[in-house]
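Dock chain B against the given chain A, drawing on the hints supplied.
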Amino acid sequence: MIKNSESSGHSEPWYRHVNYNTVVATIFLVLWTIMFFAIPYQIQKPMLFMGRSLMGLKPTLFPQLATLSLIVLNIWYLVISFRLKDKNLFTEVTRQGYFRIIASLVVFCAYALLFEHLGFVLSSVLVAGSLSTFYGNRNVLVGILVSVGVPLGIYFVFTRLLKVSLPEFPFF
Amino acid sequence: MWDNFLQGVLLTLRWDTFGMMGLGLMLGMFVGALPGFTTIMAMAVLLPISFFMDPMVGIPFLIGVYKGGIYGGSIPAILVSMPGTGASVATTFDGPSLTKQGKSRKAMEMALFSSVCGDLSSDVLTILFIGPIAIMAMKIGPPELGAIILLSLIIISATTSGLFIKGLVMCFIGLFFSMIGQDPLGGMSRFTFGFFEIKSGIPLLPMLIGLFAIPEILQAVEKKITSFVAEEFNLKSGERLTFKEFRRSIRTIIRSTAIGTSLGIIPGVGQVVSAFVGYAAAKNASKHPETYGKGELDGIAAAEAANNAVNGPTLVPLLTLGIPGDKVTAILLGAFIAQGLRPGPQLFAEQGPLVFALLVAMIFANLIFAVLGYLTIPLFAKVVTIRKSALLPLTAIFAFAGSYVYRSDPFDLLVLVFFGIFGYTAKKLNFDVTPMVMGYILGPVLEYSFGQTINLGRGDTLHYIFVARPITAIILAITPFITAGLWWRSARLRNRHINKPLSEK
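Keeping their order, the protein sequence lines are chains A and B. Start counting the first sequence at 1; every next residue gets the next number (this note's numbering). Start counting the second sequence at 1001; every next residue gets the next number (this note's numbering).
If you're looking for bench data, these hints aren't it; they were derived computationally from the structure. C-beta: ideal position from N, C-alpha, C; glycine also. Be aware that one or more of the hints could be misleading.
As the list claims (entries may be wrong) - Some but not every residue of chain B turned toward chain A, in silico, with C-beta under 7 angstroms:
id, residue
1, E1222
2, I1337
3, L1341
4, I1397
5, F1411
6, L1413
Unchecked claim - Subject to a maximum C-alpha distance of 30 angstroms in a straight line, what follows is the list of computed BS3-like cross-link-like pairs (lysine-lysine):
id, chain 1, residue 1, chain 2, residue 2
7, B, K1223, A, K85
8, A, K58, B, K1139
9, A, K85, B, K1139
10, A, K163, B, K1223
11, B, K1139, A, K87
Stated by the list, open to error - Derived DEER-like restraints, expressed as beta-carbon distance ranges:
id, chain 1, residue 1, chain 2, residue 2, range
12, B, S1189, A, T133, 40 to 48 angstroms
13, A, K85, B, P1480, 24 to 32 angstroms
14, A, H117, B, A1280, 55 to 63 angstroms
So that you can see chain A by itself, here it is in the shape it has in the complex (with noise of 0.2 angstroms):
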């Protein structure tokens, strides 16, 4: 039978087990502890009459159980953390990967923000054109169907037939 890495793990030292999961599950329990004490500055005050709350329940008590939850549930995380084998997908990701969701990201955010600026169909050309291509696309027909007839065919869809609003034209 193999053994189990568990059981074999006795005479190590504890650090030698510290894997992507101690990590997250630390960070995690720091991030929530200091959310636990920030609670009562986070909760707007409820309204006071004759010196009392207007309120039945103190608004801070939910969110307290919630968050001592969330410790507690961090605690055990970290606990069994060093057992834990799951692999962290991050490192089956290439550098050519890592490049290519960057780019798409930073392109994400730039449409995010230029989205009203350059309206929808202008800002919607050249994300899609500009992702096509990035993503392989030689095609010259397909690319201008992607990049300009898909844009237009979305404005026309959300504009004409359910009558919703996207950002104009920037020109006119």
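Chain B in isolation, oriented as in the chain A frame:
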């Protein structure tokens, strides 16, 4: 109840409802047929379209996407052994072998008809039983509702992919996100951290689209983008399913429907588990189990009938208690809320005909699905050859436009990107976002029930619960045992995984 049902049938008979259901089915089948593109993503991206339609058009449209997507996932599972959705993983056991034998058309037709039979039967059963369940649900008060929500959140956290503890952590993070904005009892502003934009809370729609659509785009671009598969499929010359073959699988379809219907009512279990259980039950009951996994048509029928039989019952906890059991029902709940409807015990009392109309629409959706699916099998078989480089930008644009239109607030686009990054990171670190979404959606209801219970208890809540509310007391008493049982199951599964040799993983 009978009057509500009849009024519901009349409400359904609209050409625009049928038209949008048909469109939803086609879109669902299209996305489901793309390996790597999930039905959840399609529903999240198409959710905003439903907001601007009448509830009797918008919600059936999403139901169409859902049903079409679950079936669509079986197409690449049969053709190229790549399940289009998680629900069709069990279909890959026999589908590809049938394709190798030149019987892909036969397999897809069996998948279609067993899906329709499983789904249709489970919808009829749902209509029959939802009324009595709703009557019982109407009798429950805030303490019972709070206890049921707490237990449901624990079950959902345990049954999603990944470890139980990770599910619970995500569930409580969702609960925390739901507290941002205003508290549901006194309207006090909280956790805004000085940002005016989140004074009314985190918007649900960009959050859903961000969590379910953006991570899939990012995951798809990790590797060099190509077509889903390079191969073309000619189905015109393939063998067709005969009535005799279909009749031989009817027992299997009935068994799988019963399994899917009973599992579907449990929050969090879903199509994947149902398909596997249905497949295993069919194999165990078969006189020739050795043929399973080698191109057995009955195997396709077992998996597809079971995963589609979940579709109707999964709406029961949503419509009667307001508790979404999985991602799909969470998105449907988003559609209900945007339409000004809050699923739960009161929905039946106030909008009974509408609820029945939606359930009747599901039956009609199945009939349309049988016809459309049969006619379009060759068309959707070609979908697997479409290039991702064309589809990913299209999905991104739809996600951004959909997030913006609901409130016309550019801040929502930043929320979309934030939750997109959050969802992607969670996926890579083996956290499932489903419990988080459930925590976020059910958080305000749980908090409201909690506050009401404390107020009703008049200073002695425990005495009130254990003396005046016996059902609440029973639910709260069994919750620790269920939690311990789920934790033990999770630990056992984890240990089994650790003990497995690497080659088996």
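Do the hints match the structure? See the list:
1. For E1222(B), the suggested interface contact is upheld, since its CB lies about 4 angstroms from the closest CB of chain A, less than 7 angstroms.
2. The interface hint given for I1337(B) is broken, as the beta carbon of that residue sits about 17 angstroms from the closest beta carbon of chain A, more than 7 angstroms.
3. Interface restraint check: L1341(B) against chain A, minimum CB-CB distance 19 angstroms, threshold 7 angstroms, status violated.
4. Look at I1397(B): its Cβ gets to within about 5 angstroms of chain A, closer than 7 angstroms, so that hint holds up.
5. Interface restraint check: F1411(B) against chain A, minimum CB-CB distance 9 angstroms, threshold 7 angstroms, status violated.
6. Evaluation of the L1413(B) hint against chain A yields a held restraint, the C-beta minimum of about 4 angstroms falling below 7 angstroms.
7. With a C-alpha separation of about 25 angstroms, the suggested pairing of K1223(B) with K85(A) holds against the 30 angstroms cut-off.
8. Between K58(A) and K1139(B) the CA atoms are separated by roughly 28 angstroms; this keeps the pair inside 30 angstroms, and the hint holds.
9. Distance check on the hinted pair: K85(A) and K1139(B) sit about 46 angstroms apart at the alpha-carbon level, beyond 30 angstroms; violated.
10. A distance of roughly 39 angstroms separates the Cα atoms of K163(A) and K1223(B); the hinted pair therefore is violated under the 30 angstroms criterion.
11. Our distance criterion of 30 angstroms between C-alpha atoms is broken by K1139(B) and K87(A), whose separation comes to about 47 angstroms.
12. A C-beta distance of roughly 46 angstroms is found between S1189(B) and T133(A), which places it inside the suggested range of 40 to 48 angstroms.
13. As the Cβ distance of K85(A) to P1480(B) is approximately 28 angstroms, the hint placing it in 24 to 32 angstroms holds.
14. Taking the beta carbon of each, H117(A) and A1280(B) are about 56 angstroms apart, inside 55 to 63 angstroms as hinted.
Hints 2, 3, 5, 9, 10, 11 from the earlier list are contradicted by this structure; the remaining hints agree with it.
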